[in-house]
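Engineer: Single-letter residue listing:
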Amino acid sequence: MTRAFATTLNALGLYAVAMVLATAFGAQLLLHELPCPLCLLQRIQFAVLAIGPIMNIRWGPRSSHYALSLLAAVAGAVFSSRQVLLHIMPGDAGYGTALFGYHYYTLALLAFIAAIVLLAVMLLFDRQFEQDGAAQLVAPGAFAMSAVWLVIGLTALNVVSTLLECGFAACADNPLVYELLKR
Amino acid sequence: MEFTALFLAITVVMIVAWRGPRPLALTLFAIVLLACIATYLHHATDTLKLSF
Numbered sequence: 001m002t003r004a005f006a007t008t009l010n011a012l013g014l015y016a017v018a019m020v021l022a023t024a025f026g027a028q029l030l031l032h033e034l035p036c037p038l039c040l041l042q043r044i045q046f047a048v049l050a051i052g053p054i055m056n057i058r059w060g061p062r063s064s065h066y067a068l069s070l071l072a073a074v075a076g077a078v079f080s081s082r083q084v085l086l087h088i089m090p091g092d093a094g095y096g097t098a099l100f101g102y103h104y105y106t107l108a109l110l111a112f113i114a115a116i117v118l119l120a121v122m123l124l125f126d127r128q129f130e131q132d133g134a135a136q137l138v139a140p141g142a143f144a145m146s147a148v149w150l151v152i153g154l155t156a157l158n159v160v161s162t163l164l165e166c167g168f169a170a171c172a173d174n175p176l177v178y179e180l181l182k183r
Numbered sequence: 001m002e003f004t005a006l007f008l009a010i011t012v013v014m015i016v017a018w019r020g021p022r023p024l025a026l027t028l029f030a031i032v033l034l035a036c037i038a039t040y041l042h043h044a045t046d047t048l049k050l051s052f
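Top line first, the protein sequences correspond to chains A and B. Under the numbering used here, the letters of the first sequence match residues 1 to 183, in that order. Under the numbering used here, the letters of the second sequence match residues 1 to 52, in that order.
Rather than coming from a laboratory, the hints here were simulated on the basis of the structure. Treat each hint with caution, since some may be false.
[Claimed, not checked] Beta-carbon label-pair distances, calculated as ranges:
hint	chain 1	residue 1	chain 2	residue 2	range
1	B	P23	A	L181	35 to 43 Å
2	A	L12	B	T27	26 to 34 Å
3	A	G91	B	T27	44 to 52 Å
4	B	V12	A	K182	27 to 35 Å
5	B	M1	A	F129	37 to 45 Å
6	A	E130	B	H42	39 to 47 Å
7	B	I37	A	V84	14 to 22 Å
8	A	G91	B	A38	31 to 39 Å
9	A	F5	B	H42	35 to 43 Å
10	A	F143	B	H42	34 to 42 Å
11	A	A93	B	P23	45 to 53 Å
12	A	A120	B	A38	22 to 30 Å
13	B	G20	A	E130	22 to 30 Å
14	A	R183	B	V12	29 to 37 Å
[Claimed, not checked] To be clear about the criterion: a stretch of chain A counts as covered by chain B if any three or more of its residues have a C-beta under 8 Å from a C-beta of chain B, and this derived list gives those stretches:
hint	segment
15	66-76
16	154-160
[Claimed, not checked] Simulated coverage check for chain B against chain A, where a stretch passes if three residues somewhere in it have a Cβ under 8 Å from a Cβ of chain A:
hint	segment
17	14-26
18	29-41
Positions of the beta carbon are idealized from the N, C-alpha and C atoms, including for glycine.
Extracted from the complex, chain A is given alone in its bound form (with noise of 0.2 Å):
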């Protein structure tokens, strides 16, 4: 795998990075479903997971940005496990709607085993990690830099959502209404 091809893949794990934080943008405005503090914390994580990527995006690919999304996706994983594990008794209902039968913090839970299984995968390849005079490092181009300021509009999008919901206290357990919105 060329470091070109290697830049393109964390390119593409940037869109679905994105496509995640837009969904879940997308049930909280069409289903006006308010995230809860746990699953805010999931939203944060695929946030973080994406830092890995933009830096192998500037810098070129290197092991260490891998492992910094690897650090991130573990977390992202023991958060939306445990919001499983308070919904696990039977009869529960769960906290907010399913899609596709499952619960968002399930598919988070799915999502962030996928990206240690994709960035384990992507560690295989050593020869994106080779510097000689021929893979110099090149600008990145359209694709990548909108990939990048996507995810980070994105997440600033996120800085407003959350400071609207919560406020400037702490978010409720169960939240129903905006706090600054409230009249």
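Chain B: place on chain A using the hints.
Structural biologist: Coordinates of chain B only, in the frame set by chain A:
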């Protein structure tokens, strides 16, 4: 409030990772990840109602 701060901090880390020096981005990443784990541990005090 802490979640707003975390999202804001991650946005800053992303911008530093994209535009700033690499060592600073790595340091900020470590701080944010530790803050996320601390926030999780702070909130993970509910009793797990396990079915077994």
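Engineer: Does the hinted range 26 to 34 Å hold for A:L12 and B:T27 at CB?
Structural biologist: holds, 28 Å
Engineer: Would you say the segment 66-76 of chain A counts as covered by chain B, given the rule of at least 3 residues with C-beta under 8 Å?
Structural biologist: Our answer is that it holds, as 4 residues pass the Cβ test (under 8 Å) against chain B, meeting three.
Engineer: Determine whether the Cβ-Cβ distance between A:G91 and B:A38 falls within the hinted range of 31 to 39 Å.
Structural biologist: Holds, since A:G91 and B:A38 (Cβ atoms, about 33 Å apart) stay within the stated range.
Engineer: Within 22 to 30 Å: is that where the Cβ-Cβ distance between A:A120 and B:A38 falls?
Structural biologist: holds, 27 Å
Engineer: Indicate whether the distance between the beta carbons of A:F143 and B:H42 respects the range 34 to 42 Å.
Structural biologist: holds, 39 Å
Engineer: Do A:A93 and B:P23 keep their Cβ atoms within the hinted range of 45 to 53 Å?
Structural biologist: holds, 48 Å
Engineer: Is the gap between the beta carbons of B:I37 and A:V84 within 14 to 22 Å?
Structural biologist: 18 Å Cβ-Cβ, so the 14 to 22 Å window holds.
Engineer: Could you tell me whether the CB distance from B:M1 to A:F129 stays inside 37 to 45 Å?
Structural biologist: holds, 41 Å
Engineer: Count the residues of the segment 154-160 of chain A whose CB lies closer than 8 Å to any CB of chain B, then report whether that count reaches three.
Structural biologist: holds (count 4)
Engineer: Can the suggested window of 27 to 35 Å be confirmed for the beta-carbon pair B:V12 and A:K182?
Structural biologist: holds, 29 Å
Engineer: Indicate whether the distance between the beta carbons of B:G20 and A:E130 respects the range 22 to 30 Å.
Structural biologist: Holds, since B:G20 and A:E130 (Cβ atoms, about 26 Å apart) stay within the stated range.
Engineer: For the segment 14-26 of chain B, do at least 3 residues have a Cβ located nearer than 8 Å to some Cβ of chain A?
Structural biologist: holds (count 7)
Checked against the numbered hints above, the structure breaks none of them.
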